[in-house]
Structures are given as C-alpha cells and as structure tokens.
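There are 2 protein chains.
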Amino acid sequence: MTTIKRIVLASRPLAEPTPENFRIEDVELQEAEEGDVTVRVLYLSLDPYMRGRMSEAKSYAAPVPVDGIMEGETICEVVRSRHNDFAPGDIVRGRTGWCTGAVISGDMMRKVETHGAPITTAVGVLGMPGFTAWSGLKFIGKPKKGETVAVAAASGPVGSMVGQLAKLVGARAVGIAGGPDKCAFVKDELGFDAVVDHRSRDFASDLHAAAPNGIDIYFENVGGHVWDAVFPLLNQFARVPVCGLVAQYNGHDTSDADRLPAMMSAILRRSLLVRGFIQSEFAADHFNDFLDEIGPRVAAGEIRYREDIVDGLESAPEAFIGMLNGKNFGKLIVKVDGVV
Amino acid sequence: MTTIKRIVLASRPLAEPTPENFRIEDVELQEAEEGDVTVRVLYLSLDPYMRGRMSEAKSYAAPVPVDGIMEGETICEVVRSRHNDFAPGDIVRGRTGWCTGAVISGDMMRKVETHGAPITTAVGVLGMPGFTAWSGLKFIGKPKKGETVAVAAASGPVGSMVGQLAKLVGARAVGIAGGPDKCAFVKDELGFDAVVDHRSRDFASDLHAAAPNGIDIYFENVGGHVWDAVFPLLNQFARVPVCGLVAQYNGHDTSDADRLPAMMSAILRRSLLVRGFIQSEFAADHFNDFLDEIGPRVAAGEIRYREDIVDGLESAPEAFIGMLNGKNFGKLIVKVDGVV
Numbered sequence: 001m002t003t004i005k006r007i008v009l010a011s012r013p014l015a016e017p018t019p020e021n022f023r024i025e026d027v028e029l030q031e032a033e034e035g036d037v038t039v040r041v042l043y044l045s046l047d048p049y050m051r052g053r054m055s056e057a058k059s060y061a062a063p064v065p066v067d068g069i070m071e072g073e074t075i076c077e078v079v080r081s082r083h084n085d086f087a088p089g090d091i092v093r094g095r096t097g098w099c100t101g102a103v104i105s106g107d108m109m110r111k112v113e114t115h116g117a118p119i120t121t122a123v124g125v126l127g128m129p130g131f132t133a134w135s136g137l138k139f140i141g142k143p144k145k146g147e148t149v150a151v152a153a154a155s156g157p158v159g160s161m162v163g164q165l166a167k168l169v170g171a172r173a174v175g176i177a178g179g180p181d182k183c184a185f186v187k188d189e190l191g192f193d194a195v196v197d198h199r200s201r202d203f204a205s206d207l208h209a210a211a212p213n214g215i216d217i218y219f220e221n222v223g224g225h226v227w228d229a230v231f232p233l234l235n236q237f238a239r240v241p242v243c244g245l246v247a248q249y250n251g252h253d254t255s256d257a258d259r260l261p262a263m264m265s266a267i268l269r270r271s272l273l274v275r276g277f278i279q280s281e282f283a284a285d286h287f288n289d290f291l292d293e294i295g296p297r298v299a300a301g302e303i304r305y306r307e308d309i310v311d312g313l314e315s316a317p318e319a320f321i322g323m324l325n326g327k328n329f330g331k332l333i334v335k336v337d338g339v340v
Numbered sequence: 001m002t003t004i005k006r007i008v009l010a011s012r013p014l015a016e017p018t019p020e021n022f023r024i025e026d027v028e029l030q031e032a033e034e035g036d037v038t039v040r041v042l043y044l045s046l047d048p049y050m051r052g053r054m055s056e057a058k059s060y061a062a063p064v065p066v067d068g069i070m071e072g073e074t075i076c077e078v079v080r081s082r083h084n085d086f087a088p089g090d091i092v093r094g095r096t097g098w099c100t101g102a103v104i105s106g107d108m109m110r111k112v113e114t115h116g117a118p119i120t121t122a123v124g125v126l127g128m129p130g131f132t133a134w135s136g137l138k139f140i141g142k143p144k145k146g147e148t149v150a151v152a153a154a155s156g157p158v159g160s161m162v163g164q165l166a167k168l169v170g171a172r173a174v175g176i177a178g179g180p181d182k183c184a185f186v187k188d189e190l191g192f193d194a195v196v197d198h199r200s201r202d203f204a205s206d207l208h209a210a211a212p213n214g215i216d217i218y219f220e221n222v223g224g225h226v227w228d229a230v231f232p233l234l235n236q237f238a239r240v241p242v243c244g245l246v247a248q249y250n251g252h253d254t255s256d257a258d259r260l261p262a263m264m265s266a267i268l269r270r271s272l273l274v275r276g277f278i279q280s281e282f283a284a285d286h287f288n289d290f291l292d293e294i295g296p297r298v299a300a301g302e303i304r305y306r307e308d309i310v311d312g313l314e315s316a317p318e319a320f321i322g323m324l325n326g327k328n329f330g331k332l333i334v335k336v337d338g339v340v
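Chains as they are written, first to last, in the UniProt record's numbering: chain A, 1 to 340; chain B, 1 to 340.
Calculated from the structure, these hints are not laboratory results.
Bear in mind the structure is a predicted one, so any value in this text is a computation, not a measurement.
Please note that a few of the clues may not be correct.
Put simply, identical chains are the same to the list, so a pair is met inside one copy or across any two.
Below, computed lysine-lysine pairings styled on DSBU-like, alpha-carbon distance capped at 35 Å [said to hold, decoys possible]:
1) Lys142 / Lys167
2) Lys327 / Lys5
3) Lys138 / Lys167
4) Lys327 / Lys138
Using the sequences and the hints, build the whole thing.
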C-alpha cells in the first residue's frame, strides 16, 4: 500500500478562512482498477473559486463536504496506468484535489499541452484562468479597437491575460492592482496602457484619469470598492463579464446604503450588459481553439505571465488564505513533488 | 396666427410628481418653413420613461428643461404640409410633446401604419411599447419552448406583449399585475399561463407556485419588491432584459440592507445575464420587421391589448401621476382633439 498526504476541509469558515479550517492527513491510496491511472502530483493550483466550495451556499458547484478533500486542479505525472490513453511518464492535469498523489479514472485526466511553455502554465495562463479571460472577452466583453478595457487583479492570471488580449485587438488596457510592485509589473512587463493602485486614497480619481474616455468593458473578478470606483465610469453599452468577486467571498463587501437601485438604474440608463459566467460553459467547445491561438504566443514570450510558486502541500492553506487578501503576486501554485 | 395649448415642466419633482410640477399654457404656433408640416394632435401617449426626463439625473436622453414642453409621442393629422412626403389628412406620429398642435419638420414624423388596427395602436401595441417587448425578447431574452417567462405590469402595453410573444414560442408566461381586475384580464383575456397579484401578502410564495420550474427570463420593467421576489427564482443562465424600473423612479425603492452583494453573487453563481436597453437601439434596423410580423396579428385579434384613454390635454398630468402608481389599466393615452 502507498500512503499519500491530502488536505481536507476540517470546518467551514465563518468569514476569512483560518488554518484551523484545514487538516492535513495521511491516507492509503486505493487499489487501481481497469481504466485508472496512478499519478504523483507535481503542482497544485490555488484559485479564488475554492473559497466558494468551502461554504454551504448554493452555487454552480456542490460544496466540499466537511472532512472531504479540498477540491482543486493539479498537474501530475503518471506513474502506473491501466488506461489505454496514458503511459508512465505522461504529464497530465485533472481535479485530484489537494493531495500528493491519487488513483483516478484516466477519463478524468487530460494530457498537458503547452506548445513548449512550462507545464505549470497548464493551470495558469494556458489553463483555466487564461481561458476564463479569453472566453469572457470573446463571448461577452467583445472588445473593439479604441475601446477601454479595465480589469482588477491585473497582475494575476486572469487579469494579466485580459489586458494583453485587449491590447491585441487595439483596445486601451487599464489595470488595477494592489501596491507599487504589482503596478510596475502590470505597466512595464505586461504592457498595459495604464495601471491604478486600488490601495491609494485617490483610487477613484486615479482610475478616472486612467480611463479618460470611460470604460467600455470591465472584466469583474473582485467586486467591493473596486466595483464602486468602476461603476460610475461605465460607458453606454458597456459590458461587464463577471467571473469572480474575491472581495466579497469572505463577507466583507457591504455598504451602509443599498446600492442595488443605483446599479439597476445605471443598467437601464446606460444599457449595460452584466453577465456572470464560469469558463466551463465555453470550455467543451472552445478550449482547444484557445490553446491553439494562445499557446504559441505564450511559448514565444509574446504573452507574458507571472507565477508565484510556494513549496510543499502543507503550505497550501496559508498560501490560499493569503491569496484571498491579495498577498500572492502572479498565479499561485503549490509545488508538491508527490511520491506514490 | 394659431394658438395651441401645451404642457410644460413647471418644476422638477422631488419624489412623486405633483400637479404643481406641470403648467398648461397657450402659445402661438410658429410659421411653417419649407419641409415643415402643421399638425393637429389626436392622441398623446403617456409612458413611464417620461418620469426620467423630469429629473436632472444623467440618462440616455437629456432632461426636459424647466419651462420646456414635456416630451412625448403623439398621433396627429396633417393639416398643412410643406414637405413632399405628406399631404393634409395624413395620419402621422412623432415627438411633438404634450400639446394640441405643432409645426414640425416632416423629417421628424412617420406615417402611421397599423395594418388595419386602430391608429391608437401606433403608440401602444404596435408602437414603442410593443416594440420594446418584441425587441427585448428577440435580442436579449431569447425565450425557448418550455422556458418560463415572467413579466410585471402584465396588463400594460409592454407586459401584455411580452407574455403573448412568449406563448407564441411555446414558453410558459407568468404575469404579475396589481389587483384582481388586472389579474383576471391577464389570465382570461391575454391567455397567460399564470398570473400573480403583487399586492398580495403571499406574493413571493404565489410567484414561486406560478413558476414551479423557476424563471428563465424576467422582463424587468418595474424593479422594487417585484424584483426581490423574482430574484431568488431566476434559473441558471436566466436572462433579464431591463427596460424600466417604475417602482424606483420616484425614489421609493430602497432597502435597509445593501442588496448589491447578493445580486452580484447570484449573477456570478447562476451565470445570469442582466442587460439594460432602450428600444431605440434596435428600432432603426428592426421596427419594420416588427410591424410586418405583429401588425396583422393585432389587426386580426390574435394579439390582444387594452387601452386606457383619458380625455383632454389638461387631463395628462393627473393621468401621468396615476400611471406611476399603477392606476391606469392598459396603455395610457390622452385623447386631445387639437385644432390648428
């Protein structure tokens, strides 16, 4: 028998998750059956949506049960295979959860294809976050040359892609990020036209100055006070793809006043389009198109990205808690180095 | 010189408009120039959007200036013409405002075409309200067979059309109306599948019972407590075309709690589409299609409608104030019988 480590949801967070909401434990790997692959985990992707799975609230996906393994996507190496499509040594990705190894149906795994870019990009710029940016812009935001596209968490895996894709169609990319280092990266490395620090006291006026012609597309992934600053700047016929609301996941985003009537009024008066989406809506039909279009550009260095890699499965809870407060800088990935 | 009567905005309302916000006055008609037509007004259309024009708030259209004529669309008879497209006796429609007669550029007027239906339908079921329903469903709501379409003010000109168009594609039409008379009309005369009285204490549970499979399209024209009841019932991928918010035009729709985070969360979790629109966005390209498709059905009695006609221009302010509180029953029209 082989023992692996995994992290389970020990209890549900009331607001911000704490280390006590997680528990690391040793478990025996189950016996592989026909069609299964046995994999060792190389990298675990940490993503904001996981906060939603820790709560019981109704959502697009079922919550993680208490004492159940935390959900998540990993990059793995196949060690043993009883599935025709996979052989030992294959690099694959799939939803094994927060663990060091797994026995899992090969039908649930996909081979990693990155067009020569590092394999970690398969959970970042060339994975779910990159595809979120690409599909949200392509099917909802639809930026046109000369329009202004704004996005928060602009140094992160979704935001960095949104701005760079906007530039490719000739739109003005305005990034919003927290702190001088991230802002410098967004402007200098990613090539956004402008960047605004949301921690500044002058954030709202800075944003207005950065978007002198208003905002035509706001790619919403944070909510909170960023939304409050963006909202007055939205132009007639602006589009707001909503893929995340990190600022309110921990229950912090409230106002003394009821902001709903003002929002509905703006939606009406300015003919706004607000559309929630999960990338999985588009993935079956379009993920391969995305990879063929963006993969070579990432491999060639034309599309830039940044990763924030922490070491060891046991580091995952603290890294995840920090991410919800913007402490990561780039796509947050846990290097696992599992053995099975 | 010819004297006409007109109604101007005497002052801006603070909340609900009052009769003192309006003033009726006599003015001399200007001299007609080449290209102008001189018209006598037969009917004035009263519509909720006019409340927005009385305020200074930024909107899709400029506010009516204080002492300026109240904006509005009328059905007129051409009395004299200096425009090649029009001759005396022609029945036309255009935005003359609240008045008994006008000299106006013929380029601003359109001949009334109703496929044999009464000419008043040109400002109702076959005019702007009907087209609002048709275009909002066709381009935003996109109802499919078997889906559930809900609409408030269901006995009114927009709502009555929304439900009947939904039925034509095989969707379930759920109407929301105020009071037993309107509810009976919506169910018995318009043929909706179900109707719910929003004045009932059990409104929210009644609505749930009327939409047992949830709501796929909510055609939003009122806001307020109707929205609060609809919102939890919206299905994954529901669409919300927003064409009006009557309940909040007078500033009444507020809540002690901030409803915005819950709405954004639902937009994300249920992949909702919320889209404000004004029918004019679609009218240039599609109004004739609408008229060709719907006109004959109205003329043949297949699509039903109800008008609420009040007499005399001087009745307009009181009728308008009542409409904002749901006192009208059907499309509100003022019979003017102007002389020029």
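Enumerated hints in conflict with the structure, sorted upward:
Hints that this structure does not satisfy do not exist here, as all of them hold.
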